[in-house]
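With the hints as extra help, turn the sequences into a complete structure.
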Amino acid sequence: MDTDLLKTFSIHVLEISVLLFVFALGLGVLVIAYLYLADVTQTKQAIRKNYPVVGRFRYFFEHMGEFFRQYFFAQDRDELPFNRAQRSWAYRAAKNVDSTVAFGSTRSLNQPGDILYLNGLFPTLSEDALPAEPVTIGAGYAAEPYTTASLVNISGMSYGALSTPAVRALSAGAAQAGIWMNTGEGGLALYHLEGGCDIVFQIGTAKYGVRTPDGKLSDEKLEEIAAHTQVRMFELKMSQGAKPGKGGILPGVKVTEEIAKIRGIPAGSDSISPNGHTDIRSIDELLDKIFHIRTVTGKPTGFKSVIGDSAWLDDMCETIHRRGLEYAPDFITIDSVDGGSGAAPQSLIDYMGLPIKCSLPLVVDKLIEYNLKDRIKVITSGKLINPADVAWALSMGADFVTSARGFMFALGCIQALQCNKNTCPTDITTHDIVLQRGLDPTEKSERVANFAKNLAYEVGVIAHSCGVEEPRQLSRKHAHIINAQGIPEPLEQVFPLPDIRPEYAKIPVVEVDIAHSTVTQEPSS
Amino acid sequence: MIPELVGQILLLSGAAIVGMVVHRLLRLDLTLACLGVGVLLGWAVPALGIDTGIRAHSLKDLVFFIILPVLIFEATWHLNSTLLKRWLSPILILATLGVLLSCFITAGLVYLGVGHATGFPWIAALLTGAILAATDPIAVVSQLKSMNTPADLATLFEGESLFNDGAAVVLFVIIFSFATGAMAESSNHLMYFATVFLGGLIFGVLLGLLAAIIILLLGKVPATSVVLVFTAFGGFYLAEEALHVSGIMTIVASALVSRLALREQETTFLSGIADTWNWLGLLFNSLLFVLMGLVITWSMFQEQWLAMIIAIGAALAGRALAVGICGLLTKPMSRPISGVWQVLLFWGGLRGAIAIALVLSLPVSLPYWWTLQAMVFGVVIFSLLVQGPTFKALTRHLERTPFKNNPPPASE
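Residue numbers (this note's numbering), protein chains in the order written: chain A, 1 to 525; chain P, 1 to 412.
Every clue listed holds true.
One-sided excerpt, in silico: chain A residues whose CB lies under 10 Å from chain P: (1) Gly-26; (2) Tyr-34; (3) Ala-38; (4) Gln-42; (5) Glu-257.
Just so you know, the hints here were simulated from the structure itself, not pulled from any lab data. If you're wondering where the values come from, they're calculated on a predicted model, not measured in any experiment. Ideal placement from N, C-alpha and C gives every residue a C-beta, glycine not left out.
Shown next as structure tokens:
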């Protein structure tokens, strides 16, 4: 009885499978016939017309190739913007797992422009090692100068470009690691404040968050923002690495109700900032504006720019000396050409501006020449996500480093290059509720903190190998740079430190008022 | 046999043309004009002592096999218009949830209103609800376009009617299969459902693909029309008569697939197809209203006036609630439907060709057929005589409120 049942059942299954097979086969033949005819009759794509049906594979593979290359074929060192070696260092640092490698370097160590550090015969002993020296920004000029020992901080990414959970994770992680977070140009959201970290408020060209209804800078709103003790500095964004000469672009799909409210624009339509500040058209106006913002807010104020044409640097330094040091920016953030998570025209993202390799020494040298290096702190950013890169920036004379994408990797970014589309697979730059489920702010804030701490720690390791006690003592004499012949050459020789111009040598260096600034730092701790 | 059939078709088409002439000369709505011509014909023909051979039971086949396939194919064919993209989510909500709500609310109210469980059972009420869920706002859309209201509103109207026609028809077929007992006869409901609907779908996909292949092979503009019109008629006929699967599902699937498959030929082989659907649509819409006029008798109003009034009330309430609830649901979306637009959608939701086609396709053997037909006709006539003409005034009135000329404000 049972076997009979089984028999009829299996016969049924067989019959249905045969039917399905025949159906699938028939459908397949029909589909191929259709594809053939459709390809032959269409006039838009030559490949499909000349190679009907099989020609379609080209478009499919072209699309899939991007993913296959990343997973199967790309070597450790041959991907852009960040190769696998760089990324996996960031991932391991964020997860706080072993970040040592074995059996030698996979770097070729002979590429022109690469940096090699010079180890001392007597490295700094662990017991002699010091934590990074704190630096005070705006000492003596801002009512509330900002003192921090952080080396690598979170660069400007707006709430809007970033998702809610990403901002929350960054904020909490930054607080844990004791670093600052830049708001980007999208205004200050509650999510920025939530974690309790120090905040640098960025004023973009559209002045989101501090604008009057007609798009001017609003002093009332500035005061309102400055009233948050967590907000430590203000940064005027002149240009950004991804798109020098163009304002921020937030594609309409990412402008949700909440983001629109913070920015004061209609939801769903592209948020496009003007390509420059309409009220800052000259060096004098820039310095006036910085002075004004510092006076209104009482906090250190500087500006961010990509360096391209650099004649204005001399102009600015001379103007500062003529008008007085109170008109100087408290810091300059130098962004590199190769920057940015944001949506940007390809020609600007690829070709506009100078890389920090050359712009950082350029600015530092100018500031030294005019004896302003102590007055104006230098913050730099541009793909500095590994310890050796950060150590280079410090050796060249930068006071701080900021990174956006390093922290995105810490959040779990897989470099899918979808930041401008609201389809980020790792939730960092999407407002799609479905995709956002994956990013847990508490879990990822740990990673953000780990990344920052491990990065600073390993910069320390480099410093100690070079025989100095802490990272900020690194200088140009601690590294060589590989020249065009593939031979390392002293960095000092390629980028010699300039002399201070005699006419400015006597400018009194303002004493750093550490006592005052530690008092003001207390509310945030 | 054949001359008789040809005679009938010619008579009806002639009446439709007279209706168009009346529409042109008297500036009457085309639907109303055709209806009037139909009524006159229905009254004059017996009076003149001519037997046209047109009977209610033969009407069913005419509507079912000739008019319905083309109307549905045409509606489905126009679905993937790029215009719809903006309002896709509200339209989809209206066409799915809205249709279900409208169907069940109307059915419940009609059932309670009639209050005669044996003569007018639940299943009859549900059929009424499904038939009345399809809106047909051609008249309203042309009014809107002439009135300088936002184009978005017309798009919303058109899009909703396109989608809800399909949804209502599918719902109708499901309920209908229960009503005729086809579902109950089969031992396995699920199996029956699967065979009829999935069978229809699969057959439709194959047919659509085949049509696309033949069109591409022939590669001529006139041939495209021939093949597609043949697909509409032939697909329906084959599905219903030979394969015993759902003809409507077949048509929906084949129209979607062939449209999708031929999307690259929009400017080449498909350039003439819009005209074909236009004239077929015009002819069959007019035909339907002529038929309705023929079928309407004075005794229908005498016997069924109460049922008609109940149906009108129920249909209005069902539509109002469905639009209101869907409007509420669209609030958190990027494109919510404003309060004013909800009122317009409610009042502009006329019932027309699809409702008539569906009710005429019911077999006369159903015991509640007469009541049901009277109810649907009542609602259609009400929407033609009352809703349609007053819609313009209503829009004018609401236009003076602050919502003039722009899409609904986001905060609405």
